[in-house]
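Protein chains: 2
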Amino acid sequence: MTIRCLARFAVSCAGLALAVPAATAQERLPAGVTANVPTRVAELRDAALNDTVAYDIVEGLTTEIGPRLAGTDAEARARDWAVTKLKSLGFRNVHIETYQMPVWMRGEEKAEVIAPFSQPLRITALGNSGATPDKGITAPIVYFETFGDLTRAPAASLKGKIAFVSNQMVPTQDASGYGTFGMARFVGPQIAAEKGAAAILIRSIGTDESRAPHAGNTNFRDGTTPIPAAALSVEDAANLERMVKRGKPVTLHLLLTPKQIGLQESGNVIAEVPGSDPDAGIVLIGGHLDSWDLGTGAIDDASGLGITTAAAHRIMQAGTPRRTIRVVWFGSEEVGAFGGEAYAKAHKDERHVLAAESDLGADAIWRFETNLPASAAPIGDRLQAALAPLGIARGPGKAHDGADIGPVLRQGTAAIDLNQSALRYFDWHHTAEDVLERIDPEQLRQNVAAWTAMLAIVADAPEAIGTVDS
Amino acid sequence: MTIRCLARFAVSCAGLALAVPAATAQERLPAGVTANVPTRVAELRDAALNDTVAYDIVEGLTTEIGPRLAGTDAEARARDWAVTKLKSLGFRNVHIETYQMPVWMRGEEKAEVIAPFSQPLRITALGNSGATPDKGITAPIVYFETFGDLTRAPAASLKGKIAFVSNQMVPTQDASGYGTFGMARFVGPQIAAEKGAAAILIRSIGTDESRAPHAGNTNFRDGTTPIPAAALSVEDAANLERMVKRGKPVTLHLLLTPKQIGLQESGNVIAEVPGSDPDAGIVLIGGHLDSWDLGTGAIDDASGLGITTAAAHRIMQAGTPRRTIRVVWFGSEEVGAFGGEAYAKAHKDERHVLAAESDLGADAIWRFETNLPASAAPIGDRLQAALAPLGIARGPGKAHDGADIGPVLRQGTAAIDLNQSALRYFDWHHTAEDVLERIDPEQLRQNVAAWTAMLAIVADAPEAIGTVDS
Numbered sequence: 001m002t003i004r005c006l007a008r009f010a011v012s013c014a015g016l017a018l019a020v021p022a023a024t025a026q027e028r029l030p031a032g033v034t035a036n037v038p039t040r041v042a043e044l045r046d047a048a049l050n051d052t053v054a055y056d057i058v059e060g061l062t063t064e065i066g067p068r069l070a071g072t073d074a075e076a077r078a079r080d081w082a083v084t085k086l087k088s089l090g091f092r093n094v095h096i097e098t099y100q101m102p103v104w105m106r107g108e109e110k111a112e113v114i115a116p117f118s119q120p121l122r123i124t125a126l127g128n129s130g131a132t133p134d135k136g137i138t139a140p141i142v143y144f145e146t147f148g149d150l151t152r153a154p155a156a157s158l159k160g161k162i163a164f165v166s167n168q169m170v171p172t173q174d175a176s177g178y179g180t181f182g183m184a185r186f187v188g189p190q191i192a193a194e195k196g197a198a199a200i201l202i203r204s205i206g207t208d209e210s211r212a213p214h215a216g217n218t219n220f221r222d223g224t225t226p227i228p229a230a231a232l233s234v235e236d237a238a239n240l241e242r243m244v245k246r247g248k249p250v251t252l253h254l255l256l257t258p259k260q261i262g263l264q265e266s267g268n269v270i271a272e273v274p275g276s277d278p279d280a281g282i283v284l285i286g287g288h289l290d291s292w293d294l295g296t297g298a299i300d301d302a303s304g305l306g307i308t309t310a311a312a313h314r315i316m317q318a319g320t321p322r323r324t325i326r327v328v329w330f331g332s333e334e335v336g337a338f339g340g341e342a343y344a345k346a347h348k349d350e351r352h353v354l355a356a357e358s359d360l361g362a363d364a365i366w367r368f369e370t371n372l373p374a375s376a377a378p379i380g381d382r383l384q385a386a387l388a389p390l391g392i393a394r395g396p397g398k399a400h401d402g403a404d405i406g407p408v409l410r411q412g413t414a415a416i417d418l419n420q421s422a423l424r425y426f427d428w429h430h431t432a433e434d435v436l437e438r439i440d441p442e443q444l445r446q447n448v449a450a451w452t453a454m455l456a457i458v459a460d461a462p463e464a465i466g467t468v469d470s
Numbered sequence: 001m002t003i004r005c006l007a008r009f010a011v012s013c014a015g016l017a018l019a020v021p022a023a024t025a026q027e028r029l030p031a032g033v034t035a036n037v038p039t040r041v042a043e044l045r046d047a048a049l050n051d052t053v054a055y056d057i058v059e060g061l062t063t064e065i066g067p068r069l070a071g072t073d074a075e076a077r078a079r080d081w082a083v084t085k086l087k088s089l090g091f092r093n094v095h096i097e098t099y100q101m102p103v104w105m106r107g108e109e110k111a112e113v114i115a116p117f118s119q120p121l122r123i124t125a126l127g128n129s130g131a132t133p134d135k136g137i138t139a140p141i142v143y144f145e146t147f148g149d150l151t152r153a154p155a156a157s158l159k160g161k162i163a164f165v166s167n168q169m170v171p172t173q174d175a176s177g178y179g180t181f182g183m184a185r186f187v188g189p190q191i192a193a194e195k196g197a198a199a200i201l202i203r204s205i206g207t208d209e210s211r212a213p214h215a216g217n218t219n220f221r222d223g224t225t226p227i228p229a230a231a232l233s234v235e236d237a238a239n240l241e242r243m244v245k246r247g248k249p250v251t252l253h254l255l256l257t258p259k260q261i262g263l264q265e266s267g268n269v270i271a272e273v274p275g276s277d278p279d280a281g282i283v284l285i286g287g288h289l290d291s292w293d294l295g296t297g298a299i300d301d302a303s304g305l306g307i308t309t310a311a312a313h314r315i316m317q318a319g320t321p322r323r324t325i326r327v328v329w330f331g332s333e334e335v336g337a338f339g340g341e342a343y344a345k346a347h348k349d350e351r352h353v354l355a356a357e358s359d360l361g362a363d364a365i366w367r368f369e370t371n372l373p374a375s376a377a378p379i380g381d382r383l384q385a386a387l388a389p390l391g392i393a394r395g396p397g398k399a400h401d402g403a404d405i406g407p408v409l410r411q412g413t414a415a416i417d418l419n420q421s422a423l424r425y426f427d428w429h430h431t432a433e434d435v436l437e438r439i440d441p442e443q444l445r446q447n448v449a450a451w452t453a454m455l456a457i458v459a460d461a462p463e464a465i466g467t468v469d470s
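Chains as they are written, first to last, in the UniProt record's numbering: chain A, 1 to 470; chain B, 1 to 470.
In short, the hints are calculated from the structure, not lab data.
A quick note: this is a predicted structure, and the numbers were derived from the prediction, not measured.
Any given hint could be a false lead.
The calculated EDC-like cross-link candidates involving lysine to aspartate or glutamate, where the alpha carbons are at most 16 Å apart (straight line), are [said to hold, decoys possible]:
| hint | chain 1 | residue 1 | chain 2 | residue 2 |
| --- | --- | --- | --- | --- |
| 1 | A | K245 | B | E64 |
| 2 | B | K245 | A | E59 |
| 3 | A | K110 | B | E108 |
| 4 | A | K248 | B | E64 |
| 5 | B | K248 | A | D80 |
| 6 | A | K245 | B | D56 |
Please construct the entire structure, taking both the sequences and the accompanying hints into account.
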C-alpha cells in the first residue's frame, strides 16, 4: 500500500494517515497554514475515502445507458435514470428542466489514401462538420505541421484540396495543452473553409498513441458554409505524415455524411440537499450528463456526476447544512454547453453564492484554487488545511473552471476549482475508449473526499459569501 | 540507460556489456556452459544491436502497404514491395511463388443491446463466420462464463439464441494462454452451431482493456453450416457481462454480412543468401507477409519479416556462409497457413536442415529451445553461450514453433525456437492497434542480434545436421 501510494499519488498515504485523529492531519500542514480543520470536516473527508456511491453512478450510467449524445433518446433515458438514482439516494426537489437545442448527427465516415499508396485511415467527423457528396470527394492533401502553419497559408491556396493539420497535443497536468493544441479543432475548420479547402482532417486532439479518433465540436461562423471536417486517430495521422514525408503528392478519398437535424429536446436534472438558512444562498455543484457518442462517457463526465453527487450525499447523511447544496446534472455540454445556459437563465433570480464543477475525469485532484470575496477568505484557508492531507496544494490562480457553471460565474458568483490531473485524461477524451475501465476507483474516492471536505466547509461557513469579479 | 534496462528487460544491459570484447561475455555465462563464442559470432551479434534494417522493413510495410489480407490486391502489392526491398538489400534468387487459396471477406458488422438496456457494442466478425440476413437477427443471449461452460450446454439448448462466451484471456510470457483461451474462438462457433445457436459472440481473445475487437479465424467442420460468429472487444464483453449479471434477460440485434469469395491468388516471396557448400543443406527462416485487415500488421508479422531478413542480411554482408540461408515471406498465414503448405509442397525435394520462424511480435527474446539431432548437439551449446549475454536462457522443451514452417518441420527438419515475450503481444494481436507504434525499436534490435548470432552459428556449423523426430 505504501509502495503503491509512493509510486502513484499521495492519496493512499493520506488515507492511511487520516485513520488517526484529525490533530495528526494538522501536523502535516504546510508551514504558514494556520487554519484548523474542524473535527467534523476531517471525519467526513476521511470517511469519503471509502465511498462507493460515485463509482456506482459511473458503473450504472455506462452499463445501463452508455453513449448519450445531447438531444437524443439516449440522453432522455439518461435523465430518467438520473431522476430514479437521485431520488433513491434521498435527494430533495429532484426534477428535470427541459429546453430545446440544435442537434448534429454523425453519419458514415470513411477515409482512404489512394495515392501514392493505398490504405484506409480511421477518422471521426467533428461536431458541426459539413457533409461530402454521397460518393465522397477525392482530392490532394496540403500538409500543415502545426495549426500556426495553417493560419499562415495564403488566401485561396487550399481551393479544392484537403487540409491536413498534424498537430500533436502534449500532455499537461493542468490541461492547458487542450487550449493550445485544441485550436486546430476549435477553429481549424473555419480557417480552412475561409482559404477555400474542400475539407479538413486534423490529428486528433489527444495524447494517446492509438487508432481511436477523438470526437469534439468545431464551429463555423455565420456566413461560412461548413466543410467536411474530421479527426484522424493519432496513429493514422502519424502514418499519413510518414507518407507525406516520402515526398510524393498524397491523394485521399473522403466520405462524411453527418447532418443537422434541427432543434430537439435536452434537459438538466436537478437535485437538492436543502439548507437550514434560506438567506445564506445556494452552493451549486455538478457535472454533465450528456456524452459524446463513441464511448460510454465514463470520464466525461459520469465521474463528475458521481463525485459531486456522492459528496453532496455525504453532507446530507451527516445532517442539515446551513446552505442549500444544489447538484445539477447538466444536459448537452459537449455540443455547446446549452444546459448551463438554460440553467442560468431559468435560475437567474436565485442567489448562488458559490459554484464548482467536476469535468476533467476521475484522476486525483492535485490543486485547488478559489475566487472568494475578501469577507470569505477564511474559507480558502480552512480548505487549504483540510485538503493538504489528500495531497492537494493551493494554486496561485483565480478559480474559473466550468463550461456549465460559466454563465452563473459570470453573474459574479464565487468559485472553487478542484483541479484533477489531466495527464491521462486526453488519452481517452471523446473517444470510444472513454469507458468504465478508465476509472481508477482509488483516485475517484480521493475526489469524493476532497469534494466532501469542500462542501462541509463551504455549506456551513459562518462567513457571508458575497459577489466577486468573475 | 541502466535504470531503463533494469526496469524493462536485459538487452540494454547486454548491449552495453557487449561493447567490450567477447571474452567478457564469456564471463557472464551461466555455470555449466562451457562452449566458447567464436569472436566472429560475438562481433556480428553485438553489431546487430545497432540494426536499422528490421525497423525499416516494418516502417515501410505499415506505411506503404498497410493492411494486407491474404488473397487481396493489398497482399499482391505487398509481394511486389517485398521483391523490390529484398533485391535492394542484395538478396539472391528473389522471386514470388503463387498459389490459390479460399478467401473470406469481412462485410458490415454491428451489434446492439436492445433490452433491458440499449447501447451499441463493438464487434468484429471471425474469419469464416457465416452471415446474418441483411436486416440482421434479434435474439436473446445465453451467457457462458467460460469456454468449458459452453461445451457442457445441453444439445439443442441454444436453438434460436446467441451464445455469449465471456472468456478472459490471461497474459503469459510463453503465449500458452493463446492455446488455452483461444479455444473459444477456434472451436466455440462449431460447438455453438452444433447446439443450435443462431449466432455466437465471444470476448476477444486478447489481454487488453480496450474497445478494439480482435479478429482471427474460426473453422466449421464439413457438414456444419457456418453461423454468424464475432468477437466483442474486451471492454464491450465486460459491459455485456455486467448487464447479464443484473439478472434480466438480455436481447441483442446482430448484423454480419461477410462472404466467401472463392479461390484467389496468394503467394510466398523467397530470397536467398547462397551458401558455399550445396551439400550442407538449407537453413529456412522467415515470417508471414499477410496480415489481418484491421491493423497494419506491424507486430503480426512485419516484425518477423524484419527480424529474420535483417539477420540474414548481416550474415550476407559478412561473407559467404557454409549453408544457404533461405528467407521466406510467407503468404496467407492468418487464414489457414496456406503459404506454408504451398512452400513445403513446392520444395519437398530440397534438403532443409534447420527451420526457424519469427511470428510473435517484436518484444525481446527471453528463451530459446532446440530440436537437433545428437550429432548437432554442440550447436545448441554454442547458441546458449552466444545468447546468454542478450538475456536469453535455454528452455527445457523441444523446438516446434511456427505455423508456416510446420509442414517442413513435420518432414523431420531440425528446429530452433527463439521465444519472444508474449506478455504484451495479445494486447494488440489481430486488432486495429497492430501498427508501427507497437514496435519497441530497442527490443526489436535485441531480436535481430539473437537471430544474427543463431544464423552465424547454424549456417557455418561444421557438424552435419541430420533429421530429427518432429
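Results for each hint:
Between K245 of chain A and E64 of chain B the alpha-carbon distance is near 12 Å, which keeps this suggested pair within the 16 Å criterion. At most 16 Å may separate the alpha-carbon atoms for a hinted pair to count; K245 of chain B and E59 of chain A meet this at roughly 13 Å. The hinted pair formed by K110 of chain A and E108 of chain B meets the criterion: a straight-line CA distance of about 14 Å does not exceed 16 Å. Among the hinted pairs, K248 of chain A with E64 of chain B is consistent with the structure: their alpha-carbon atoms are about 12 Å apart, no more than 16 Å.
For the given pair, K248 of chain B sits about 19 Å from D80 of chain A by alpha-carbon distance, which is inconsistent with the 16 Å threshold. Distance hint between K245 of chain A and D56 of chain B is fulfilled; the C-alpha atoms sit about 15 Å from each other, no more than 16 Å.
Hint 5 from the list above is the single one not met by this structure.
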